[in-house]
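Starting from the known structure of chain A, arrange chain B on it as the hints suggest.
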Amino acid sequence: MTMVNLTLNGKQVSADVPDNTLLVTFIRETMGLTGTHVGCDTSQCGACVVHVDGESLKSCTMLAAGAEGASVTTIEGIADGDSLHPMQQAFHENHGLQCGFCTPGMVMSAIELVQDNPNPSETEIREGLEGNICRCTGYHNIVKSVQAGAKMMGG
Amino acid sequence: MHHTTYMKAGNTDDAVARMADGGQLLAGGMTLIPTMKQRLANPETLVDLAGCGLAGIEDQGDSIRIGAMTRHADVAGSDLVRGAIPALAALAGGIGDRQVRNRGTIGGSVANNDPSACYPAAVLGLGGTVHTDRRDIAADDFFTGMFETALDEDEMITAVSFPKTGKAAYVKFPNPASRYAMVGVFVASAVDGTRVAVTGAGSDGVFRHAGMEAALDAGFSAGSLDGITVDADEMISDIHASGDYRAHLVREIAKRAVAAC
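Note that the protein sequences, when read in sequence, are chains A and B. Per my numbering, the first sequence starts with residue 1, numbered consecutively. Per my numbering, the second sequence starts with residue 1001, numbered consecutively.
One chain only, chain A, in its complex shape:
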């Protein structure tokens, strides 16, 4: 067992978990935040993307113990009270989701993409979301959403 201490959506949390606990398991099962999804379990689909110290990572491909001391932000941590994050709002307004399973990862990847590149082109968005797979094939509206989200974020 390993004691893991980290900041989750701004709150200090600690738990003693088996050493082989993945960060996504820690988030979903230990901390009960099920907004972060497990899609493929083979590190390819990106449904599990969260921010660790401000950078997007696949939480199914990292041990919880490796996030010791880090600041982790999940999809639950980006809205401001009842106000959706601009990127969430943009997905909502542009029909950027169909079944919604991939959406938490898409939104978290898109936020980091826009933070690094406030005015991404369509090509840059498609390349930037290479690590996120949508099985409803909704990429067209996802790209539109990210473009709108970028504008709403101030780009």
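In case anyone wonders, no lab produced these hints; they're calculated from the structure. Hints are not guaranteed to be accurate.
[To be verified] Each pair of labels, with its calculated beta carbon distance range:
| # | chain 1 | residue 1 | chain 2 | residue 2 | range |
| --- | --- | --- | --- | --- | --- |
| 1 | B | Ala1150 | A | Ser121 | 54 to 60 Å |
| 2 | A | Gln89 | B | Asp1136 | 52 to 58 Å |
| 3 | A | Glu122 | B | Tyr1245 | 27 to 33 Å |
| 4 | A | Tyr139 | B | Gly1219 | 40 to 46 Å |
| 5 | A | Gly69 | B | Thr1229 | 43 to 49 Å |
| 6 | B | Asp1079 | A | Pro118 | 15 to 21 Å |
| 7 | A | Met152 | B | Ala1177 | 29 to 35 Å |
[Stated by the list, open to error] Residues from chain A shown here face chain B by an in silico Cβ test under 10 Å; the list is partial:
| # | residue |
| --- | --- |
| 8 | Pro18 |
| 9 | Val49 |
| 10 | Gly105 |
| 11 | Gly128 |
These numbers come from a predicted model, not from an experiment. Every residue, glycine too, gets a C-beta built ideally from N, C-alpha and C.
Frame of chain A, contents of chain B only:
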């Protein structure tokens, strides 16, 4: 994933000592953790290198030294690398996806020597040097076969250095699904002549192609490779591409890399 015991190494000596006790080194984990999840690797002890202070990029005059724990995103975004060896920065920026580049490391990639990985092509193509806890190993001596390297059982990569050259390019033909290199060719104009390193294709992993190097030394142009043949029997042949197709791609992708130099 099977049970494992996780520990952090405080420095290189600590990591090497723990490896000698049977520990498996964990760098970025972009290969090891998925492999453990599939139960294809079941290390009893994982030794996390994140706290060993091995990340960083240094200008060493004629070369650039990249610490083993330096992430792909940091190499891709480094002004130093982009200025001195733009092909290396571009290669790092094309590995996996953004989330993999935010976590995966050069040391992990080079030590693993996956036959479809991009970095081995850069190390071999640029004629780099792999630094370990005990010695320096020239690229030509380092990669010894698919997933095989010259590293001893308890030897650890601490850094990789690359001679500076602006005349180099890497072109990858990615598998449309996995985005791994089905064929990737790194062409560089080095001090000792042109070097051509091929990843993704060879059944023994990354390799240099002497015929293409000689042809490019005689005349550095894509057309110089027109008459070159690549032995299909030495290529990987699988559901993604036959050996014949890979052999064909190696020459065509090499021509694109030369044109991009």
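### Query
Does the Cβ-Cβ separation between A/Gln89 and B/Asp1136 fall within 52 to 58 Å?
The hint (52 to 58 Å, Cβ to Cβ) holds, given that A/Gln89 and B/Asp1136 are roughly 54 Å apart.
#### Entry: Status of the given 54 to 60 Å range, CB of A/Ser121 versus CB of B/Ala1150
Check failed, 44 Å falls outside 54 to 60 Å.
### Message
Range first: 27 to 33 Å. Now tell me if the beta carbons of A/Glu122 and B/Tyr1245 are that far apart.
### Response
holds (31 Å)
### Task
Indicate whether the distance between the beta carbons of A/Tyr139 and B/Gly1219 respects the range 40 to 46 Å.
holds (44 Å)
### Query
Under the criterion of a CB-CB separation shorter than 10 Å, is A/Pro18 in contact with chain B as hinted?
holds (7 Å)
### Message
Between the beta carbons of A/Gly69 and B/Thr1229, is the distance compatible with 43 to 49 Å?
### Response
Because 55 Å falls outside the window, the suggested range is violated.
### Query
Is 29 to 35 Å right for how far apart the beta carbons of A/Met152 and B/Ala1177 are?
holds (33 Å)
### Query
Was the hint right that A/Gly105 lines chain B, CB cutoff 10 Å?
Holds, because the Cβ-Cβ distance from A/Gly105 to chain B comes to roughly 9 Å (cut-off 10 Å).
### Task
So, A/Val49 near chain B? Judge it on the closest CB pair being under 10 Å.
holds (6 Å)
### Assessment of proposed distance window 15 to 21 Å (beta carbons of B/Asp1079, A/Pro118)
Given a distance of about 20 Å, which is inside 15 to 21 Å, the answer is holds.
#### Entry: Proposed interface contact between A/Gly128 and chain B, which counts if any beta carbon pair is under 10 Å
holds (6 Å)
This entry does not satisfy hints 1, 5, going by the numbered hints stated previously.
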